[in-house]
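Start from the sequences and build out the full structure, keeping to the hints where you can.
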Amino acid sequence: MNDLLPTATAVIELHDRLLARSDWPRTADAVPQGEGSVWHWIQANHLFNSRLWAEEDLARRTQVADADIAANKRAIDGFNQARNDATERVDELLLVALGLVDPASARTDAPVSRVPSGARLNSETAGSIVDRLSIMALKVNAMRQQTRRTDADAQHIAASQGKLARLLEQRTDLGACLDGLLADAQAGRAYFKVYRQFKMYNDPRFNPALVAEQRDAQQRR
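Residues in the sequence shown are numbered consecutively from -17, following my numbering.
Bear in mind the hints are in silico, worked out from the structure with no lab data behind them.
Predicted model, so just to flag it, every value in this text is computed and none were measured.
Hints should not be assumed to be uniformly reliable.
[To be verified] Here are the in silico distance ranges between beta carbons for each label pair:
(1) Ser19 x Asp48: 40 to 46 Å
(2) Gly144 x Gly60: 32 to 38 Å
(3) Gln152 x Ser105: 17 to 23 Å
(4) Glu38 x Thr90: 30 to 36 Å
(5) Gly144 x Glu38: 19 to 25 Å
(6) Asp5 x Val94: 39 to 45 Å
(7) Thr(-9) x Gln143: 20 to 26 Å
(8) Pro14 x Gly144: 32 to 38 Å
[As the list claims (entries may be wrong)] Using 30 Å as the maximum straight-line C-alpha spacing, the simulated BS3-like pairs for lysine-lysine come out as follows:
(9) Lys121 x Lys175
(10) Lys145 x Lys55
(11) Lys121 x Lys55
Cβ atoms here follow ideal geometry from the backbone N, Cα and C, with glycine treated the same way.
Here's what the structure looks like:
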């Protein structure tokens, strides 16, 4: 496979290696330099998923002030937006590496296609599979921690071990899908597109509640 294209094994190893770090994801070098590298955005996606995961846990607290939960929710929205932006950049760079779009138009909402005739359209993008692998890594890591608890009974440990085995199997299957899609795309048998998420709830121009707030604020002036 093209050296510019990631393999599932390499992606999974990166995810696991980062999660094994005690300072991850709150570290100054959380993402490597080089925004033109697909690995920069794969790691950025994993960073935002990791921070999103932590905020989701905090948002479930029941014995803190409502303001704390509101802060968690706002952080979740921000990390989710950043995670999706990173996923789109992964897709853009992979499509360029595969020669499936004109590089100059790759970041626009209407990239110029260079897809060979007869190639099938894959409904899931390679970037979205990488994103799912990141989430799977977080699940595997969390479930593995459950298998190592010393304050849980044997039944909980056994159940967690069974779930961990299933998660690992699911991640292996998902990784095979990534390798298969990239191999087919490189051979001209398949392609995918960048699907813009257009997260309207974060945009004051599109979120009806935020539009109403702005209108009310202007009327009070």
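Evaluated hints:
no.: 1; hint: Ser19 x Asp48: 40 to 46 Å; in the structure: holds, 42 Å
no.: 2; hint: Gly144 x Gly60: 32 to 38 Å; in the structure: holds, 35 Å
no.: 3; hint: Gln152 x Ser105: 17 to 23 Å; in the structure: holds, 19 Å
no.: 4; hint: Glu38 x Thr90: 30 to 36 Å; in the structure: holds, 33 Å
no.: 5; hint: Gly144 x Glu38: 19 to 25 Å; in the structure: holds, 24 Å
no.: 6; hint: Asp5 x Val94: 39 to 45 Å; in the structure: holds, 42 Å
no.: 7; hint: Thr(-9) x Gln143: 20 to 26 Å; in the structure: holds, 24 Å
no.: 8; hint: Pro14 x Gly144: 32 to 38 Å; in the structure: holds, 36 Å
no.: 9; hint: Lys121 x Lys175; in the structure: holds, 27 Å
no.: 10; hint: Lys145 x Lys55; in the structure: holds, 28 Å
no.: 11; hint: Lys121 x Lys55; in the structure: holds, 21 Å
Checked against the numbered hints above, the structure breaks none of them.
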